Amino acid sequence: MFRRIGVFVVVLLGLWTNYGWASDGVLNIAIPADPDTFDPHRTVAAATAEIAFNVYEGLVKAGPHGEVEGALAEYWELDETRTVYTFYLRDAKFHDGTSVTVDDVAAALNKARDPNVSQRAAELEDVESITPLEGAVRIKLKQPNSAFLYTLSEVAAVVYPKDASNLAVQPVGTGPYRLVEWRPNQYVKLERFDQHWSEKTPYYKEVYFRIIPDENSMVLNLKSGRIDLIPRLEASVLHQVEHDPSLKVLSGPMNVVQVLAINNERPPFDDWRVRKALSLAVNKEEVIMGAAWGYGKELHSGISPAMAVFYNDELSQVNPYDPDQARALLKEAGFENLSFTLVLPAAYPLHVQTGELVADQWKQIGIDVDIQIVEWGTWLERVYNQRDYDVSIIGLAGRLDPHAILVRYKTGNSRNFFNFSNTHYDELIDMGLLAEGEERVRIYKEAQRILAEEAAGVFIMDPPHLAVMSKRIQGWQHYPTYVVDAASLYQ
Amino acid sequence: MNTVRRYVLRKILGFFSTAFLISLVTFGALQVLPGDPATLILGTEASPEALISLRSQLGLDRPAIVRYGQWLVRFVQGDLGESIRYSIPVRELMGHAVPLTFTLAIMAVSAALLIAVPLGIVSATKQGTWFSKVIVVLSQLGMAMPQFWVGILFIEFFAVRIRIFPSGGYDGLLSLVLPALTLCMPRAAVLTRMVRAGMMSVLGQDYVRTARAKGLSERTVLYKHALANGAIGVFTIAGIQLTQLLAGTIVIEQVFGLPGLGQLLLAGVMQRDLPLVQGLVMLSGLLILFVNFVFDLILMLLDPRVRFE
Numbered sequence: 001m002f003r004r005i006g007v008f009v010v011v012l013l014g015l016w017t018n019y020g021w022a023s024d025g026v027l028n029i030a031i032p033a034d035p036d037t038f039d040p041h042r043t044v045a046a047a048t049a050e051i052a053f054n055v056y057e058g059l060v061k062a063g064p065h066g067e068v069e070g071a072l073a074e075y076w077e078l079d080e081t082r083t084v085y086t087f088y089l090r091d092a093k094f095h096d097g098t099s100v101t102v103d104d105v106a107a108a109l110n111k112a113r114d115p116n117v118s119q120r121a122a123e124l125e126d127v128e129s130i131t132p133l134e135g136a137v138r139i140k141l142k143q144p145n146s147a148f149l150y151t152l153s154e155v156a157a158v159v160y161p162k163d164a165s166n167l168a169v170q171p172v173g174t175g176p177y178r179l180v181e182w183r184p185n186q187y188v189k190l191e192r193f194d195q196h197w198s199e200k201t202p203y204y205k206e207v208y209f210r211i212i213p214d215e216n217s218m219v220l221n222l223k224s225g226r227i228d229l230i231p232r233l234e235a236s237v238l239h240q241v242e243h244d245p246s247l248k249v250l251s252g253p254m255n256v257v258q259v260l261a262i263n264n265e266r267p268p269f270d271d272w273r274v275r276k277a278l279s280l281a282v283n284k285e286e287v288i289m290g291a292a293w294g295y296g297k298e299l300h301s302g303i304s305p306a307m308a309v310f311y312n313d314e315l316s317q318v319n320p321y322d323p324d325q326a327r328a329l330l331k332e333a334g335f336e337n338l339s340f341t342l343v344l345p346a347a348y349p350l351h352v353q354t355g356e357l358v359a360d361q362w363k364q365i366g367i368d369v370d371i372q373i374v375e376w377g378t379w380l381e382r383v384y385n386q387r388d389y390d391v392s393i394i395g396l397a398g399r400l401d402p403h404a405i406l407v408r409y410k411t412g413n414s415r416n417f418f419n420f421s422n423t424h425y426d427e428l429i430d431m432g433l434l435a436e437g438e439e440r441v442r443i444y445k446e447a448q449r450i451l452a453e454e455a456a457g458v459f460i461m462d463p464p465h466l467a468v469m470s471k472r473i474q475g476w477q478h479y480p481t482y483v484v485d486a487a488s489l490y491q
Numbered sequence: 001m002n003t004v005r006r007y008v009l010r011k012i013l014g015f016f017s018t019a020f021l022i023s024l025v026t027f028g029a030l031q032v033l034p035g036d037p038a039t040l041i042l043g044t045e046a047s048p049e050a051l052i053s054l055r056s057q058l059g060l061d062r063p064a065i066v067r068y069g070q071w072l073v074r075f076v077q078g079d080l081g082e083s084i085r086y087s088i089p090v091r092e093l094m095g096h097a098v099p100l101t102f103t104l105a106i107m108a109v110s111a112a113l114l115i116a117v118p119l120g121i122v123s124a125t126k127q128g129t130w131f132s133k134v135i136v137v138l139s140q141l142g143m144a145m146p147q148f149w150v151g152i153l154f155i156e157f158f159a160v161r162i163r164i165f166p167s168g169g170y171d172g173l174l175s176l177v178l179p180a181l182t183l184c185m186p187r188a189a190v191l192t193r194m195v196r197a198g199m200m201s202v203l204g205q206d207y208v209r210t211a212r213a214k215g216l217s218e219r220t221v222l223y224k225h226a227l228a229n230g231a232i233g234v235f236t237i238a239g240i241q242l243t244q245l246l247a248g249t250i251v252i253e254q255v256f257g258l259p260g261l262g263q264l265l266l267a268g269v270m271q272r273d274l275p276l277v278q279g280l281v282m283l284s285g286l287l288i289l290f291v292n293f294v295f296d297l298i299l300m301l302l303d304p305r306v307r308f309e
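Residue numbers (the numbering used here), protein chains in the order written: chain A, 1 to 491; chain B, 1 to 309.
Bear in mind the hints are in silico, worked out from the structure with no lab data behind them.
Given the structure is predicted, the values throughout are model-derived calculations rather than measurements.
Note that the Cβ used here is the ideal one computed from N, Cα and C, for glycine as well.
Treat each hint with caution, since some may be false.
As the list claims (entries may be wrong) - Selected chain B positions facing chain A (in silico; Cβ < 7 Å): (1) TYR86; (2) SER87; (3) LEU153; (4) ILE155; (5) GLN263.
Claimed, not checked - Calculated pairs, SDA-like style, for lysine to any residue (alpha carbon to alpha carbon, straight line, at most 20 Å): (6) A/LYS471 to B/GLN57; (7) A/LYS276 to A/TRP197; (8) A/LYS471 to A/GLY70; (9) A/LYS471 to A/GLY252; (10) A/LYS248 to B/SER87; (11) A/LYS111 to B/ILE52; (12) A/LYS410 to B/SER47; (13) A/LYS189 to B/VAL160; (14) A/LYS111 to B/GLN57; (15) A/LYS200 to A/GLY475; (16) A/LYS276 to A/TYR321; (17) A/LYS200 to A/ASP24; (18) A/LYS410 to B/VAL160; (19) A/LYS471 to B/PHE20; (20) A/LYS189 to B/SER87; (21) A/LYS410 to A/VAL441.
Construct all of the structure, not just a fragment, from the sequences and the given hints.
The following block contains the structure:
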């Protein structure tokens, strides 16, 4: 009898230690739109990555401070040529209950570098071969690549069962949560995965990402208790939640570069003095007050200060607000009556408001600006794909490694819609991938200086990342990339 | 009955050719808009190589006429294809959205009628009284207030302060009460004015006086004799309001986070999702054509003059 009770107590204790802090609770998170697709090779949308972080994992994953930590790989080795990585796998299970094998890893990564399958294949073009070993995977590179581990931490390089189909709507990953239902325009429902390799059980049993397109409605839903957390609040509605005693606002940098893009190839912007004048005439402080309610972080460089190690903080005096000098430069260049078009994407009110303020500041130095507000698809086609524009404003999402952001300004880069071209800059970008440590930091700092001095564009602000949640929610972590880490939240 | 048969045949022919035209115009519009699904999926991460590869994966590299032809052949067979935006069959997406939007539309218009008919009659019969003046002012307000703002006020009051209705989303009929109420306001306002005007125009007529002279009760005179004639225009307008709402209510769906047809259509257009947009436009187009068709038939039965036009 006592023995039976003993067994019972042991079982109970076992349950308690395993699930001690976990609850049957439900967490409701508000997002403005549906994810695009959970096919890891197709999606490039930040909004999808935010959810996918909880569902999928790669060999490595990003931590809250931008560091890379082991995920499916318990540890890894790099040989002295810095070209051969060996990743040693943990015992991990997929959401369908099967074990992760070296073949799954190899198959997924081979797809990730196939340009016919993966949209991000170009970032893995340095990979020469991927070889499954006993309990490990060996990846050989053509040359050293300091951004490689960061590339592996992104959604494009996650691991899924090699025979999985229809990942677009039914993702199978290894993350702490599995996707159980996606109802377009309603919600994406995740459920705690009890066989996660970390053996840590997330607090919330179910997590709903609920789609609420209107920012005012988002706030009302938070106040009514239907929503517990808004991971990205529009600054324009911040005043509605700031003083609510049941809510808290946590702010941090978004690691987005809001840039006023200048078409460097098109006259008169091919004249350095014109670009410089446009840059000097922008009063960023005023823009941040007017468009982001004072919450943005002023930028002077092409990367965000969120990337603390690589950020060049000595550039604030390269393009200070100086309308007189701007006017003088325009006169010197012979463009005293400059007129051009500023194209703005209607989908992003922040950029539209910024553009309206900047246009007004330019008018004060005699520039005639014609504002054109266009729908997002039109913007992408005209400004981004065809590069048929004078100046525009857009936010470029940050990444964990500076290379992915700065390579955009390299001559001939397919994403270089600035048409920026500078030989020294191009050399630095190539060197940056090969370099390590301090040397690498120095290279990227110099590259940032060139962008600022050449006025490739006007770097305005890192918009505020405001996470608003019910006071009882604990454990929120700001990531330098688009991530909502549901497994770290509790109450 | 020969003329009737010819009339119906002509109508059916018109029905199909209009439907065909609608599909052609929708397709053309999406072709003319800058950008395609590949552009929108890749956004600011696109490169020319990635665009080409994605276009061929999505089948967008074939000529427009071929894509339209394929869509048409499948449509005739009842296959609406798969949404590019959601990777889900269009039929399934619409299957979730149609019941919601239809219920919402019917709720809103019936509520509008329930409010408008008594208010309109009262304000017509009690002209000049403070009550009638209040109704006129209220109906002015109902037409003037922006709906998204009214919706937000309703949420603030009924869902945040006194918490009797959900603040958004869709979990059953209760979720539709506030949106229906919001949609009903401007429509009730318009209908109230219609009822009022209609009643005022018939109340002075001979047959009403005759009815009163026969000693019928005022209620019978108003609701049976006067309303029957005064309200014909009102029901026509209500019918138009209903068909408009059936096609989706984008703004209200956004405010209340409702997964209706409007949100689907918006997402479809934003992403240049041809199968989804075509499916939705055809649905609402056919619906409106069908309703009109039925109305025409009824009218023809009621009014012999229509047949010989």
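Verification of the supplied hints:
1. Taken as an interface hint, B/TYR86 checks out: its beta carbon lies about 5 Å from the nearest beta carbon of chain A, inside 7 Å.
2. The criterion of a C-beta within 7 Å of any C-beta in chain A is met by B/SER87, whose closest approach is roughly 4 Å, and the hint holds.
3. At its closest, the beta carbon of B/LEU153 sits 10 Å from a beta carbon of chain A; the interface hint therefore is violated under the 7 Å criterion.
4. Because the smallest distance between the Cβ of B/ILE155 and any Cβ of chain A comes to about 5 Å, under 7 Å, the interface hint for this residue holds.
5. Checking B/GLN263 against chain A by beta carbon gives a least distance of about 5 Å; that is within 7 Å, so the hint holds.
6. The suggested pairing of A/LYS471 with B/GLN57 is violated, with an alpha-carbon distance near 46 Å, which exceeds 20 Å.
7. For the given pair, A/LYS276 sits about 53 Å from A/TRP197 by alpha-carbon distance, which is inconsistent with the 20 Å threshold.
8. Between A/LYS471 and A/GLY70 the alpha-carbon distance is near 32 Å, which puts this suggested pair outside the 20 Å criterion.
9. The hinted pair formed by A/LYS471 and A/GLY252 meets the criterion: a straight-line CA distance of about 18 Å does not exceed 20 Å.
10. Proposed proximity of A/LYS248 and B/SER87 is contradicted: the alpha carbons are some 37 Å apart, above 20 Å.
11. For a cut-off of 20 Å, the pair hint linking A/LYS111 to B/ILE52 stands: about 17 Å separates their Cα positions.
12. Taking the CA atoms of A/LYS410 and B/SER47, the gap is near 14 Å; set against the 20 Å cutoff, the hint holds.
13. At roughly 24 Å between alpha-carbon atoms, A/LYS189 and B/VAL160 are farther apart than 20 Å, so this suggested pair is violated.
14. With a CA separation close to 14 Å, the supplied pair A/LYS111 and B/GLN57 stays within the 20 Å bound.
15. About 15 Å separates the Cα atoms of A/LYS200 and A/GLY475, which keeps this hinted pair within 20 Å; it holds.
16. Of the pairs offered as hints, the one joining A/LYS276 and A/TYR321 holds, with about 11 Å between alpha carbons and a cut-off of 20 Å not exceeded.
17. Annotation: proposed proximity of A/LYS200 to A/ASP24 holds, straight-line Cα distance about 15 Å (limit 20 Å).
18. This hinted pair does not check out: A/LYS410 and B/VAL160 have alpha carbons roughly 52 Å apart, beyond 20 Å.
19. At most 20 Å may separate the alpha-carbon atoms for a hinted pair to count; A/LYS471 and B/PHE20 exceed this at roughly 56 Å.
20. The straight-line distance between the Cα atoms of A/LYS189 and B/SER87 is roughly 17 Å, inside the 20 Å bound, and the hint therefore holds.
21. A distance of roughly 18 Å separates the Cα atoms of A/LYS410 and A/VAL441; the hinted pair therefore holds under the 20 Å criterion.
Checked against the numbered hints above, the structure violates hints 3, 6, 7, 8, 10, 13, 18, 19; every other hint is satisfied.
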